[in-house]
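Undergrad: Residue strings, one per chain:
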Amino acid sequence: MSDYLFGIRVPTAEEQLGSGDVRLTVSVVNPKEVKKIEDSLKKFDEYYRKLYKDLVGACHKYLIRVTPLHTGKLRGGWTAYLDKYQIDYSKQIFDTSLYGTWKKANKTEEYRSYAPDSTKVDEGKAFSHLEDSLPRITDVAIENQVEYKDSMDFGTAKIPGRHFTDIALYKSEHWFEKYFSQWLAQMEKAGLVVPPPEVQEIPN
Amino acid sequence: MSQNMRKFHGKENLIASLNYWLTSHVPGGYVGVQPLPIGKEFYWLFDYPIAPLTLPAVSVTEIGLFNFGEMAMDRLIGFDGNDPIYGTKNQTLIEIVCTDQDSTSYSAATNTVRNLRDRVIDALSEGHMPLVDYSHPGKPEIGYLWVDNSSNAINEKFLVDPQNQNMKRYVLLVRIFWLEITQRTKEKTIKSNTTVV
Chain Y
1 MSDYLFGIRV PTAEEQLGSG DVRLTVSVVN PKEVKKIEDS LKKFDEYYRK
51 LYKDLVGACH KYLIRVTPLH TGKLRGGWTA YLDKYQIDYS KQIFDTSLYG
101 TWKKANKTEE YRSYAPDSTK VDEGKAFSHL EDSLPRITDV AIENQVEYKD
151 SMDFGTAKIP GRHFTDIALY KSEHWFEKYF SQWLAQMEKA GLVVPPPEVQ
201 EIPN
Chain D
205 MSQNMRKFHG KENLIASLNY WLTSHVPGGY VGVQPLPIGK EFYWLFDYPI
255 APLTLPAVSV TEIGLFNFGE MAMDRLIGFD GNDPIYGTKN QTLIEIVCTD
305 QDSTSYSAAT NTVRNLRDRV IDALSEGHMP LVDYSHPGKP EIGYLWVDNS
355 SNAINEKFLV DPQNQNMKRY VLLVRIFWLE ITQRTKEKTI KSNTTVV
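Those protein sequences? They're chains Y and D, same order as listed. Sequential numbering of the first sequence, starting at 1, is according to our numbering. Sequential numbering of the second sequence, starting at 205, is according to our numbering.
These are computed hints drawn from the structure, not numbers from a lab. All values derive from a computational prediction rather than experimental measurement. Hints may contain errors.
[What the hints assert, rightly or not] Derived PhoX-like pairs: lysine-lysine, alpha-carbon spacing no greater than 25 Å straight-line: (1) Y:K171 - D:K293; (2) Y:K91 - Y:K171; (3) Y:K43 - Y:K53; (4) D:K361 - Y:K171; (5) Y:K53 - Y:K171; (6) Y:K178 - D:K293; (7) Y:K103 - Y:K53; (8) D:K215 - D:K343; (9) D:K293 - D:K244; (10) Y:K171 - D:K343; (11) Y:K125 - D:K343; (12) Y:K91 - Y:K43; (13) Y:K43 - Y:K32; (14) Y:K103 - Y:K43; (15) Y:K91 - Y:K103; (16) Y:K103 - Y:K178; (17) Y:K158 - D:K361; (18) Y:K189 - Y:K178.
[Unchecked claim] What the simulated footprint calls covered on chain Y by chain D, stretch by stretch (three residues with Cβ under 8 Å from a Cβ of chain D suffice, anywhere in the stretch; the number is not a length): (19) 116 to 129; (20) 151 to 161.
For every residue, glycine included, the Cβ atom is placed at its ideal position computed from N, Cα and C.
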């Protein structure tokens, strides 16, 4: 009479002797656990992409706020990503909280004044070039091709540069690090994949 | 000042330490007014963010950057042997601009600014730059500065000036980190073999 091991019939002694070598492969599988792992990986991937996408949105909003403002054309050059994903930036586009001090310190009335104009923002949008590899891979690049962007960013012989792209770059790096480490810590604590924290606007 | 409060040695020491490192490690520079002495190739200028009148020149200006919050406060930054060292890690953004101007008799401005750019990068890549307390008569080392090459450390752009197209500028934006030891460590100095955590 044959024995059964994990549901597999083990050949009898006679059968084994009669057929020479006996090779047994036993694989123990718990389909429930495998499904759980697969679901977790899927969830992780989904959450990771969402967090990345939200963070890139927050960074673009910050970039808009640190970019010098007169009419809003230069700021319009940063809007391609936000427009593509329909992220609201109406609060940021004419926000002066991060730029007002510098503006006030200027000597001439022309430099001190603001002339926010939505049609100028739209003009700037035509110079906003986006390279977006989402959702395939997390790689997004934006280029602001408004003609005086470099002069404002790096300055000229007579005007100091504002370096807003660098300031935004380092701040964004910090924001990415903060949110990803927070999320990883939450998952470590919970011992399972959890939704990432809600991304807030970069404050200052 | 209460015992638990930090005592920072200040931004002045940071910028002075960086400027000293640059002037002593980038060859050919001269700190002073015209004319350029024999053997010197360019002027150094500090805190002058627009184009200098004396050319060629390298100007160094602090732009500033946000601090790290928790990292900017007194924390364990490493060990000196078995002794813990408490201090502060902070960062700032420095603009270094190499400028030169072409004329009817001179057309090497682009080459000159490229060359100056290379010299500056070499000096910044040499390793840790000492942070010195210049307010103390003994000028002790109280930490160090460094450029972290793995973290978008230097962003650069070559520019033909839009207001004067004979003027060529190489703009380097350098993210500088620095570690400063605080009062809790009884003014210990960081040695080169300090393990930073």
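Undergrad: Are the hints correct? Go through all of them and say.
TA: Structure-based check of each hint:
1. Y:K171 - D:K293: holds (16 Å)
2. Y:K91 - Y:K171: Measuring from Cα to Cα gives roughly 19 Å; hence the hint holds.
3. Y:K43 - Y:K53: holds (15 Å)
4. D:K361 - Y:K171: Measuring from Cα to Cα gives roughly 20 Å; hence the hint holds.
5. Y:K53 - Y:K171: holds (16 Å)
6. Y:K178 - D:K293: Distance ~17 Å between K178 of chain Y and K293 of chain D Cα, so the pair holds.
7. Y:K103 - Y:K53: Violated - the C-alpha atoms of K53 of chain Y and K103 of chain Y are around 32 Å apart, more than 25 Å.
8. D:K215 - D:K343: holds (15 Å)
9. D:K293 - D:K244: violated (36 Å)
10. Y:K171 - D:K343: Since the Cα atoms of K171 of chain Y and K343 of chain D sit roughly 34 Å apart, the hinted pair is violated (cutoff 25 Å).
11. Y:K125 - D:K343: Roughly 54 Å between the alpha carbons, so the hint for K125 of chain Y and K343 of chain D is violated.
12. Y:K91 - Y:K43: violated (32 Å)
13. Y:K43 - Y:K32: Judged against 25 Å, a Cα distance of about 16 Å means the pair holds.
14. Y:K103 - Y:K43: Violated - the C-alpha atoms of K43 of chain Y and K103 of chain Y are around 46 Å apart, more than 25 Å.
15. Y:K91 - Y:K103: holds (19 Å)
16. Y:K103 - Y:K178: Outside the cut-off at roughly 31 Å; violated.
17. Y:K158 - D:K361: Cα-Cα ~17 Å, so holds.
18. Y:K189 - Y:K178: holds (17 Å)
19. 116 to 129: violated (count 0)
20. 151 to 161: holds (count 9)
Hint compliance for this structure: hints 7, 9, 10, 11, 12, 14, 16 and 19 are not met, and every other hint is.
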